[in-house]
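If you're matching them up, the sequences are chains A and B in order. Residue numbers for the first sequence follow our numbering, beginning at 5 and rising by one. Residue numbers for the second sequence follow our numbering, beginning at 746 and rising by one.
Listed below are the simulated PhoX-like cross-link pairs for lysine-lysine, each with C-alpha atoms no more than 20 angstroms apart in a straight line:
| hint | chain 1 | residue 1 | chain 2 | residue 2 |
| --- | --- | --- | --- | --- |
| 1 | B | K996 | A | K47 |
| 2 | A | K42 | A | K12 |
| 3 | B | K828 | B | K809 |
| 4 | B | K777 | B | K837 |
| 5 | B | K925 | A | K47 |
| 6 | B | K996 | B | K986 |
| 7 | A | K12 | B | K966 |
| 8 | B | K984 | B | K998 |
| 9 | A | K47 | B | K986 |
| 10 | A | K47 | B | K984 |
| 11 | B | K983 | B | K966 |
| 12 | A | K48 | B | K984 |
| 13 | B | K996 | A | K48 |
| 14 | B | K983 | A | K42 |
| 15 | B | K986 | A | K42 |
| 16 | A | K8 | B | K966 |
| 17 | B | K828 | B | K853 |
| 18 | B | K984 | B | K890 |
| 19 | B | K996 | B | K983 |
Read the hints as simulated data drawn from the structure, not as lab findings.
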Amino acid sequence: MYIKVNGKDYEVPAGLTVSQMLDFFKINKDHVAIERNKEIVPKKDWENILICEGDIFEIVTFVGGG
Amino acid sequence: MRLTNEQIERYSRQIILKEVGGKGQEKLLNSKVLVIGAGGLGSPALLYLASAGVGTIGIVDGDKVDITNLQRQIIHFTEDVNKEKIYSAKEKIAKINPHVRVITYNTKVNASNIREIVREFDFIIDGTDNFPAKFLINDACFFEKKPFSHGGILRFQGQTFTYLPENACYRCIFDSPPPKGVVPTCSEAGIIGVMAGLLGVIQASEAIKYILSAGQLLTNKLLFVDLLNIEFRTINFKKNKNCPLCGENPKIKDLIDYETEICDLKN
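The task is simple: from the sequences and hints, build the whole structure.
Structure below.
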């Protein structure tokens, strides 16, 4: 199925949780916040929420330098 | 307050902008902007705020200039190595625009001093280099109802947004700092000087627009810049009802001093 991540379309296996999607993209979970369809997904829900066809994700990385 | 002939001439190229004008210039001259961190982000921000005629500029920094800073912290020169950053910055500001009043704080911000400091200013620029300070500034500005510009940079990337009271805050996206040591610092991962320059100038631009009430601010939006691939991307985000600071059931009632891990610490 297709989802949008940071403005680009990707094909991912069906039935993934948010957490599994991050694994799929090889993203370190300590580095990011997740917005799904304009709502921030609390970290405690990443294991439970299943992603759906057409979901729009923004994966926001911590950037802390100055 | 009436503009002097010298001021009209000095600021003429921005006074002719309809968004500025004589009234806007007077607003800038009467405004007070605080820059926390006179480093990669703070250097360009300070230079442009001073040249634009922001009347009072506060600088908070407890560090001395190090030779590794000079590649990006453009307010500091080679001859300033080992000098306190606040004094180095203050000297340059006086050379660019001697009319600016500079208030220096030779310290790091912490939970016991930050509220008193930000209270004195109209707009705050976060030019700090570590997550504990970034969360502290967010929380202090929330409690003091002060607008601020958040900025973060690493490698060729940067991100920034502008907080206005009653709008989304940093914790609406990131509820707490990342575990210590997980996200690399500038000294570990590197930073290209131009990224600091670009992002610091965007932060100064947000401060100036806020004072002028001109245009659109980066409020409820997060701007990402990737200079390596020359990509600019803005995502919208909104006030998060689950935010531990500004949400419906806030858990954070006071400032927190997280353990600091400093970006520029020399190893």
